[in-house]
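Starting from the known structure of chain A, arrange chain B on it as the hints suggest.
Chains A and B, in that order, are what the protein sequence lines are. Positions 1 to 253 (our numbering) are the ones given, in order, by the first sequence. Positions 1001 to 1430 (our numbering) are the ones given, in order, by the second sequence.
Worth double-checking, as some hints may not be accurate.
Said to hold, decoys possible - Partial list, derived from the structure: chain B residues whose beta carbon lies under 8 Å from chain A:
1. Pro1015
2. Phe1019
3. Lys1117
4. Phe1192
5. Glu1199
6. Lys1234
7. Thr1235
8. Arg1238
9. Glu1317
Unchecked claim - Here's a subset of chain B near chain A, in silico, CB distances under 8 Å, partners left out:
10. Gly1182
11. Asp1188
12. Leu1351
13. His1354
Stated by the list, open to error - As a list, the in silico DSS-like pairs of lysine-lysine whose alpha-carbon atoms are at most 30 Å apart:
14. B:Lys1345 to B:Lys1426
15. A:Lys42 to A:Lys3
16. B:Lys1292 to B:Lys1234
17. B:Lys1117 to B:Lys1251
18. B:Lys1198 to B:Lys1117
19. B:Lys1086 to B:Lys1117
20. B:Lys1234 to B:Lys1164
21. B:Lys1117 to A:Lys238
22. B:Lys1014 to B:Lys1198
23. B:Lys1413 to A:Lys42
24. A:Lys238 to B:Lys1426
25. A:Lys238 to A:Lys42
26. B:Lys1426 to A:Lys42
27. B:Lys1198 to B:Lys1251
28. A:Lys3 to B:Lys1234
29. B:Lys1413 to B:Lys1014
30. B:Lys1164 to A:Lys42
31. A:Lys238 to B:Lys1234
32. A:Lys3 to A:Lys152
33. B:Lys1117 to B:Lys1413
34. B:Lys1413 to B:Lys1213
35. B:Lys1198 to A:Lys24
36. A:Lys24 to A:Lys152
37. A:Lys42 to B:Lys1198
38. A:Lys238 to A:Lys4
39. A:Lys42 to B:Lys1213
40. B:Lys1386 to A:Lys24
In case anyone wonders, no lab produced these hints; they're calculated from the structure. The beta carbon of each residue, even a glycine, is placed where N, CA and C say it ideally should be.
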Amino acid sequence: MLKKRLIAVLILRDGQVVQSVRFKHTNVIHYDAVHAVECFNKWAVDELVMLNVSPDSTSREGFADAVRRIAGQCFVPLSAGGWINDAAYAETLLRAGADKLVLNTAFHTHCDLVQTLSARYGRQCIIGSMDVKLQVSGETTVMVNRGRDDTKIAPIDWARRMVELGAGELFFNSIDHDGARKGYHLSALQAVCQTVDVPVIAFGGVFTWQHLVDGLNAGAQAAAAANIFHYTEHSTRKAKRFLAEAGIPVRSE
Amino acid sequence: MRYCARCLYPENAKPTIIFDEDGVCSGCRYHESRGRLEVDWEERLAMLEQILEEARRMARARGNCHDCIIPVSGGKDSHYQVWLLKKKYGMNPLLVTFNHVYNSPAGLRNLSNLVEKSGCDLIRYTAGVDAVRRLSRFMLQTVGDLTWHYHAGIRTFPFQVAVKYNIPLIVWGEHGFAELTGIVSLEDFVEFTRWTRKEHDMRGYEPHDLIGKGGITLHDVAPYIYPTDEEIEKTEVRGIYLSNFVDWNAKEHAELMIREWDFAPVAYERDRSFNLHAKIEDHANDVHDYLKYLKFGYGRATDDASMEIRHGRLTREEGIAQVAHYDHREPKTLDTYCEFLGVRKSEFYSLVDHQRDARIWSRDAGGGWAPLDAVTRHAIGPEEEKQRVRQVADRTFSEANRHLYYNLANPPKATGNPVLDQQSLKFTAL
Chain A
1 MLKKRLIAVL
11 ILRDGQVVQS
21 VRFKHTNVIH
31 YDAVHAVECF
41 NKWAVDELVM
51 LNVSPDSTSR
61 EGFADAVRRI
71 AGQCFVPLSA
81 GGWINDAAYA
91 ETLLRAGADK
101 LVLNTAFHTH
111 CDLVQTLSAR
121 YGRQCIIGSM
131 DVKLQVSGET
141 TVMVNRGRDD
151 TKIAPIDWAR
161 RMVELGAGEL
171 FFNSIDHDGA
181 RKGYHLSALQ
191 AVCQTVDVPV
201 IAFGGVFTWQ
211 HLVDGLNAGA
221 QAAAAANIFH
231 YTEHSTRKAK
241 RFLAEAGIPV
251 RSE
Chain B
1001 MRYCARCLYP
1011 ENAKPTIIFD
1021 EDGVCSGCRY
1031 HESRGRLEVD
1041 WEERLAMLEQ
1051 ILEEARRMAR
1061 ARGNCHDCII
1071 PVSGGKDSHY
1081 QVWLLKKKYG
1091 MNPLLVTFNH
1101 VYNSPAGLRN
1111 LSNLVEKSGC
1121 DLIRYTAGVD
1131 AVRRLSRFML
1141 QTVGDLTWHY
1151 HAGIRTFPFQ
1161 VAVKYNIPLI
1171 VWGEHGFAEL
1181 TGIVSLEDFV
1191 EFTRWTRKEH
1201 DMRGYEPHDL
1211 IGKGGITLHD
1221 VAPYIYPTDE
1231 EIEKTEVRGI
1241 YLSNFVDWNA
1251 KEHAELMIRE
1261 WDFAPVAYER
1271 DRSFNLHAKI
1281 EDHANDVHDY
1291 LKYLKFGYGR
1301 ATDDASMEIR
1311 HGRLTREEGI
1321 AQVAHYDHRE
1331 PKTLDTYCEF
1341 LGVRKSEFYS
1351 LVDHQRDARI
1361 WSRDAGGGWA
1371 PLDAVTRHAI
1381 GPEEEKQRVR
1391 QVADRTFSEA
1401 NRHLYYNLAN
1411 PPKATGNPVL
1421 DQQSLKFTAL
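Pulled out of the complex, with its shape left as it was, chain A reads as follows (with noise of 0.2 Å):
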């Protein structure tokens, strides 16, 4: 049986790494996210995952750097994701050492990247990610440009088109959810995980080890979580055990 996998984010902000709430970055966690990433390793965890969250492109390059760094201390799986808009940083990205990539408002304003990009280095590469909103008018749908601009497209629409453009991954956030300890979106993330065939990784909100084992009954492959690993002593290695007492299959340490 295929084991089901726990993921730490990592929210960096000019290199920093912060905490977010809903899409809004409260405090600095660290200046040094290779001071996380070295605990992280120790602690059982299964991937990384690395979103660069500055307000402007110009952040991309000492992203990159992040990302380099990050890559020489982590042994497990590492993506990246933020201000991915062309083919050239892509590479960069992955010639750091990022594993996959991660993608958002590219599937929305540059739909032949994320084409390009899955047949260059394999659909395995491309992770989809969606961010989901709750509109005032009472339907959910899907937000792009870090939060800012609604597609007016529902979540299951938009998790099936990521899939076609060529996602072999995908990472749903709830931009209420984020940051707001009550657990994941958990109607909008069940209905994404029908829709699409393939994995999806749950992600926003997660405050206890409970919140981690029903994004995974929810039919996610994959729980993540960003500032909740940063609070307490082996954070990682205690959310795996709580899963595997819970009865889901992990990586035994």
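The following block gives chain B in isolation, referenced to the frame of chain A:
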């Protein structure tokens, strides 16, 4: 330089800071969150009691008489932590001190006072003075820190003791970095982690990174080697911060400890700040803080005034006046520490040259260093007006607070104890 619209912190404040869209820093937001409606302090105290009960249960099961460790320096927070756990919650804490070595007479008086008043057992580790000198010299020239040994020591030694004596709980006071500049929020119930120890307290250096540098040996760094993951897990030790469970108010706690246990502030004017009751245990703190000014353009008066502003006890204008008076002053103990480290004063300054933040320091025409900016140069505009804190009646420089804060116009009364009334320029290792 951008400064917080509420307190006086600059954007290069350490360890990390971030401003929100209103121009308010993460430290102010952390402070403000204490008063929010959704923070239920009764519920948090109940959580603390549960953690303490669990520690007592584990101690009984292990046949241990100590149920927790409290790392103490002898300062106001140490007094309060021990008082709260012992008197209010009936714990039997083992006090653990990592000797600063650079102790002031007032600091030694207060540590001794704490041990006597609390009746608790104490373990105190004193690193060899030669090793301290080597570490201090190396850290001074690499990162501008001559107090690395005790910051590293106090974050490491309690865990060594926990592992050795099989004690499952370490109780810290406030989450110091969060109180200053943010980092985490109150909702996170953050616990001690080895990475804040390495990244912030130890400036990115683990002991093994230092061996062979500046004559530093394995023996020199032994006190700073953290137990292994396996040892930590076997002991099941965790480190909690009381400030997550107790509505932390350092001034109130200091007053309480002055009343209850005779904690003593100093009564002389300090070189680097108007605060008379915090960080008085060692002299090197002044040089340490002066280095912060030389590197980043702000010092302890900014820290202390920012805290007073957040509490509404000082206005922004009053805080800025304190910064203008203290932040640039060279401490009198600089000579003492240069002598200890074996560097001339001119050498001390040249060691700092490469560490000056280019965002705030530049060379002037005469080749000297001049700050490019300071909070004192910023007029109070609409953004700052909007962020003003409601002022409280308890003014920092009121008569009632005369013993806690040095008021230039109305200095504190002498206590009659020379240890508290006169600034000492020498330190005492033991």
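Each hint, compared with the structure:
no.: 1; hint: Pro1015; result: 7 Å, holds
no.: 2; hint: Phe1019; result: 10 Å, violated
no.: 3; hint: Lys1117; result: 32 Å, violated
no.: 4; hint: Phe1192; result: 7 Å, holds
no.: 5; hint: Glu1199; result: 4 Å, holds
no.: 6; hint: Lys1234; result: 12 Å, violated
no.: 7; hint: Thr1235; result: 12 Å, violated
no.: 8; hint: Arg1238; result: 7 Å, holds
no.: 9; hint: Glu1317; result: 28 Å, violated
no.: 10; hint: Gly1182; result: 5 Å, holds
no.: 11; hint: Asp1188; result: 5 Å, holds
no.: 12; hint: Leu1351; result: 22 Å, violated
no.: 13; hint: His1354; result: 19 Å, violated
no.: 14; hint: B:Lys1345 to B:Lys1426; result: 17 Å, holds
no.: 15; hint: A:Lys42 to A:Lys3; result: 19 Å, holds
no.: 16; hint: B:Lys1292 to B:Lys1234; result: 39 Å, violated
no.: 17; hint: B:Lys1117 to B:Lys1251; result: 20 Å, holds
no.: 18; hint: B:Lys1198 to B:Lys1117; result: 33 Å, violated
no.: 19; hint: B:Lys1086 to B:Lys1117; result: 11 Å, holds
no.: 20; hint: B:Lys1234 to B:Lys1164; result: 11 Å, holds
no.: 21; hint: B:Lys1117 to A:Lys238; result: 39 Å, violated
no.: 22; hint: B:Lys1014 to B:Lys1198; result: 15 Å, holds
no.: 23; hint: B:Lys1413 to A:Lys42; result: 55 Å, violated
no.: 24; hint: A:Lys238 to B:Lys1426; result: 48 Å, violated
no.: 25; hint: A:Lys238 to A:Lys42; result: 12 Å, holds
no.: 26; hint: B:Lys1426 to A:Lys42; result: 44 Å, violated
no.: 27; hint: B:Lys1198 to B:Lys1251; result: 29 Å, holds
no.: 28; hint: A:Lys3 to B:Lys1234; result: 27 Å, holds
no.: 29; hint: B:Lys1413 to B:Lys1014; result: 34 Å, violated
no.: 30; hint: B:Lys1164 to A:Lys42; result: 23 Å, holds
no.: 31; hint: A:Lys238 to B:Lys1234; result: 13 Å, holds
no.: 32; hint: A:Lys3 to A:Lys152; result: 34 Å, violated
no.: 33; hint: B:Lys1117 to B:Lys1413; result: 24 Å, holds
no.: 34; hint: B:Lys1413 to B:Lys1213; result: 48 Å, violated
no.: 35; hint: B:Lys1198 to A:Lys24; result: 27 Å, holds
no.: 36; hint: A:Lys24 to A:Lys152; result: 22 Å, holds
no.: 37; hint: A:Lys42 to B:Lys1198; result: 15 Å, holds
no.: 38; hint: A:Lys238 to A:Lys4; result: 15 Å, holds
no.: 39; hint: A:Lys42 to B:Lys1213; result: 27 Å, holds
no.: 40; hint: B:Lys1386 to A:Lys24; result: 21 Å, holds
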